[in-house]
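Whole structure, please, built from the sequences with the hints as guidance.
Residue numbers (this note's numbering), protein chains in the order written: chain A, 1 to 349; chain B, 1 to 349; chain C, 1 to 349.
Everything labelled a hint here was simulated from the structure, so no lab data went into it.
Heads up, a few of these hints could be off.
Since copy identity is lost for identical chains, a pair holds within one copy or between any two.
To be verified - Derived lysine to aspartate or glutamate pairs resembling EDC-like cross-links, with alpha carbons at most 16 Å apart:
no., residue 1, residue 2
1, Lys246, Asp267
2, Lys50, Glu36
3, Lys246, Glu36
4, Lys297, Glu266
5, Lys54, Glu266
6, Lys246, Asp268
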Amino acid sequence: MIYTRAAVTLADLAERLGCRLEGDGALEITGVAGLEDAGPGDVTFLANPKYASKLPGTRASAVIVDESVLSAPCARLRTPQPYLAFAEAVATLGPPGPRVHGISPLAAIDPSAEIGPDVGIAPFAVVGARARIGARTSIGPHAVVGPDSTVGEDCVIHAHVSIRERVAVGSRVIMQDGAVVGSDGFGFARRPDGTHQKIPQVGRVAIEDDVEIGAQSAVDRPAVGETRIAAGTKIDNLVQIAHGVKIGRRALLAAQSGVAGSTVLEDDVVLAGQAGVTGHVRLGRGAIVGAKSAVTKDIDAGTHVVGIPAIEEKAWRDATVLLRRLPQLRDELRDLEARLSALESKSPR
Amino acid sequence: MIYTRAAVTLADLAERLGCRLEGDGALEITGVAGLEDAGPGDVTFLANPKYASKLPGTRASAVIVDESVLSAPCARLRTPQPYLAFAEAVATLGPPGPRVHGISPLAAIDPSAEIGPDVGIAPFAVVGARARIGARTSIGPHAVVGPDSTVGEDCVIHAHVSIRERVAVGSRVIMQDGAVVGSDGFGFARRPDGTHQKIPQVGRVAIEDDVEIGAQSAVDRPAVGETRIAAGTKIDNLVQIAHGVKIGRRALLAAQSGVAGSTVLEDDVVLAGQAGVTGHVRLGRGAIVGAKSAVTKDIDAGTHVVGIPAIEEKAWRDATVLLRRLPQLRDELRDLEARLSALESKSPR
Amino acid sequence: MIYTRAAVTLADLAERLGCRLEGDGALEITGVAGLEDAGPGDVTFLANPKYASKLPGTRASAVIVDESVLSAPCARLRTPQPYLAFAEAVATLGPPGPRVHGISPLAAIDPSAEIGPDVGIAPFAVVGARARIGARTSIGPHAVVGPDSTVGEDCVIHAHVSIRERVAVGSRVIMQDGAVVGSDGFGFARRPDGTHQKIPQVGRVAIEDDVEIGAQSAVDRPAVGETRIAAGTKIDNLVQIAHGVKIGRRALLAAQSGVAGSTVLEDDVVLAGQAGVTGHVRLGRGAIVGAKSAVTKDIDAGTHVVGIPAIEEKAWRDATVLLRRLPQLRDELRDLEARLSALESKSPR
Chain A
1 MIYTRAAVTL
11 ADLAERLGCR
21 LEGDGALEIT
31 GVAGLEDAGP
41 GDVTFLANPK
51 YASKLPGTRA
61 SAVIVDESVL
71 SAPCARLRTP
81 QPYLAFAEAV
91 ATLGPPGPRV
101 HGISPLAAID
111 PSAEIGPDVG
121 IAPFAVVGAR
131 ARIGARTSIG
141 PHAVVGPDST
151 VGEDCVIHAH
161 VSIRERVAVG
171 SRVIMQDGAV
181 VGSDGFGFAR
191 RPDGTHQKIP
201 QVGRVAIEDD
211 VEIGAQSAVD
221 RPAVGETRIA
231 AGTKIDNLVQ
241 IAHGVKIGRR
251 ALLAAQSGVA
261 GSTVLEDDVV
271 LAGQAGVTGH
281 VRLGRGAIVG
291 AKSAVTKDID
301 AGTHVVGIPA
311 IEEKAWRDAT
321 VLLRRLPQLR
331 DELRDLEARL
341 SALESKSPR
Chain B
1 MIYTRAAVTL
11 ADLAERLGCR
21 LEGDGALEIT
31 GVAGLEDAGP
41 GDVTFLANPK
51 YASKLPGTRA
61 SAVIVDESVL
71 SAPCARLRTP
81 QPYLAFAEAV
91 ATLGPPGPRV
101 HGISPLAAID
111 PSAEIGPDVG
121 IAPFAVVGAR
131 ARIGARTSIG
141 PHAVVGPDST
151 VGEDCVIHAH
161 VSIRERVAVG
171 SRVIMQDGAV
181 VGSDGFGFAR
191 RPDGTHQKIP
201 QVGRVAIEDD
211 VEIGAQSAVD
221 RPAVGETRIA
231 AGTKIDNLVQ
241 IAHGVKIGRR
251 ALLAAQSGVA
261 GSTVLEDDVV
271 LAGQAGVTGH
281 VRLGRGAIVG
291 AKSAVTKDID
301 AGTHVVGIPA
311 IEEKAWRDAT
321 VLLRRLPQLR
331 DELRDLEARL
341 SALESKSPR
Chain C
1 MIYTRAAVTL
11 ADLAERLGCR
21 LEGDGALEIT
31 GVAGLEDAGP
41 GDVTFLANPK
51 YASKLPGTRA
61 SAVIVDESVL
71 SAPCARLRTP
81 QPYLAFAEAV
91 ATLGPPGPRV
101 HGISPLAAID
111 PSAEIGPDVG
121 IAPFAVVGAR
131 ARIGARTSIG
141 PHAVVGPDST
151 VGEDCVIHAH
161 VSIRERVAVG
171 SRVIMQDGAV
181 VGSDGFGFAR
191 RPDGTHQKIP
201 QVGRVAIEDD
211 VEIGAQSAVD
221 RPAVGETRIA
231 AGTKIDNLVQ
241 IAHGVKIGRR
251 ALLAAQSGVA
261 GSTVLEDDVV
271 LAGQAGVTGH
281 VRLGRGAIVG
291 AKSAVTKDID
301 AGTHVVGIPA
311 IEEKAWRDAT
321 VLLRRLPQLR
331 DELRDLEARL
341 SALESKSPR
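Below is the structure:
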């Protein structure tokens, strides 16, 4: 067992997760764990067929599976969406989330700020002038909500987050430790003497509802206009979002990816880890960019691109295979040359 | 209109920006915005010809342009440097920058620290023993200026910046939220048993005048000697500067780029996004490294390199084109082989 | 001279470093510096043969060298491990490390926390409920040790570090400024409507003894189970360790590298700068991944891989060389085609 909040019966759990139960509903379930770590009293899950071979060996009391799984050494909770049910099981059986409760007397809250009901504010948090914090939002230690910024309801803002001035954050937004929203975009004009004149970056940033921003990620503000991340988009750790970028709904940006200035990612775009997108381009709805790839131009909706520069995944795969066969191609070329020379020497001049 | 500080007449604005006015100087200008977002009362600009097609549709009251632009649907502010004038317009018409005013009683300032006139220090900032802060510098919430460190005049140090011990920072330096200067370099000596002995990293770090360092970027200190970033260099977010690196004047390092230990970047070097430079090499003055590229050796002044490993941009472009034609080359090779076999079968033995 | 703590005689220093002295043991040594920066009173070192040409020009009073160095313009401290002895010299002669002394009245320490003897806690640090801090550990300004977390003995936790709830940190661990341990893994289940359901990330994180974690690096916690970094592993700045990753002992992860979810790095693995490893794979003991490379599958122990996707270093080198020769291969192909056409035209039909 990994952790526990309160025991539930397997029948209760099945009902809460919307699963059909196969097994003894009176079993007490006290925790949730992975297939290999689970023990008696735990519920586990199988969502990725890659791990099916580990199911017969599990010591869990119950497993969440879809209908394709024929047998298991324990009770089954059947659902077409095992991974979603697992998420609910963790929420039910795991420890409570790390929300701050109450308003610490050690926080620095400007008298002009508006704080909603049941907001939690940790020690040494700073809430600036005219900032507004929505109901039930949690502000972690040393987090900063800048002047004239708003944070919606039911947000979790972790330690050391910096939300700069005039930033609008929606509801149910989560920001992991150290995320920065509203830092100055990287905008300079070259003076005739070669030095760089800073363009003041005083535009707006909007983070819509249900967005998550990972640890140490940075979302820059533009000189004019706004940077916007639309509802339901999830951003991993150490991601760079430059000034004036617009990201659509439900996009997924994996760790250490980056998007340069003024680029548009439409809804449902996916950037895999360490991918990069140049400035002033548009990625169509549902486009997928492979890990480590570099997008240098507009990408059509639904396209899967890979490589540096990124091309369609199929073309990239073909080129990569041939790249490895280059020594063989070279040898074939040499061989042809030898055969040709032999023929030439026999040929009449 | 995006934001406003105080209305100015167009004639006054033209004078302040050093532009020649074409149009009604009595027009009231209240804001600055992009070509598409601007409305009546706004000044906008056109610096990148890529956006020229948007000029006829702008609703702005005035546009900053150079002499190459023949017509506009509004007043013109003429200058050979539209982007520089735009920077000045934003400074004139935009909201004031986020400087801290006054010294918060909630800051922890060592009694031995020297604080210049008109310095602003936010709540929960920490200024260590014998640290010195120059006139008019702004220290954001939770920023740390370590013992024996100095920060010059007119700097803006944002929230959560960590300036470690014995770091020298010049004047007019800007550090975005979460930047770290003076963290330990990654230096270890392998012991005979395979474990790693830490080399204490106690060297110096110098950040010269007019440098900007982006959010979450890290500048390490060396074991001995110093890490130095020379005057006027601008560093974007999430950039890694390793121990003992020397960066010249006016360099530009885009987001998520990195420079390994003891490497030298001469004046005016440019690293595009996610580029990397190995340790112990030298990039000559004005060298440009393409996005995602990896520099593995010394680079001559003025050279533009791209790729992994990075080679001259022209050579890289040729190889990339051919790489995509590899399937075609292979097919040509197959075809030649077939034709050659046919010839051979007819040839006398 | 770079810095000084207290003068020692060269004879004393030789004894402390375990070196054999060649020269005047009565010389006073007051500092340690690099070969080129060192002056009278300094000890310097030569560990990398690349810098041997700088030895004759050094102005140092003594140099740490192995037996292969025949002569030097100053006293010699002989040892088979010059780099290890240099580490010791810096520790002896450099300024003291940046440990915090005493417990600041400005820190927020939960009454239920257990604080060991001689612990230092800086202003505005936060120690949560039931947290435990071992003897002689230093907690920097604004660092957070979350509820139910433990930090061992003799650790140095720098400014703005965030150790989240239920994290176990061993002894002699160093975390550079802004490091985050225990942030939520990037785990979501897709709902039928295409939106992302967060999987609560409530698993554990364990950081074993003698680990170092660089500035701005992030170590995520998993939904269930744990993320673990084993003893003696060193992690540089801006590194991403995803949920459920296991890293063995004495691994080295250079700056801006990243490891995706559930991947296993066995003992002594090395990731060079900006390298990435995909999820759910295993890198065998001592595997080395080149800079900027992308590992997409399991890697055998002891293998050196490079490239995107990463292949054995030898194969990658061959392919890279040929890639640059592609224009030449294409020309050879064209030439063969011309010769073949000439032959064909002479051949009987």
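Cross-check of the supplied hints:
no., hint, verdict
1, Lys246 x Asp267, "within (10 Å within a copy, 34 Å between copies)"
2, Lys50 x Glu36, "within (14 Å within a copy, 50 Å between copies)"
3, Lys246 x Glu36, "between (42 Å within a copy, 15 Å between copies)"
4, Lys297 x Glu266, "within (14 Å within a copy, 31 Å between copies)"
5, Lys54 x Glu266, "neither (39 Å within a copy, 21 Å between copies)"
6, Lys246 x Asp268, "within (13 Å within a copy, 30 Å between copies)"
When the structure is compared with the earlier hints, a violation turns up for hint 5 alone.
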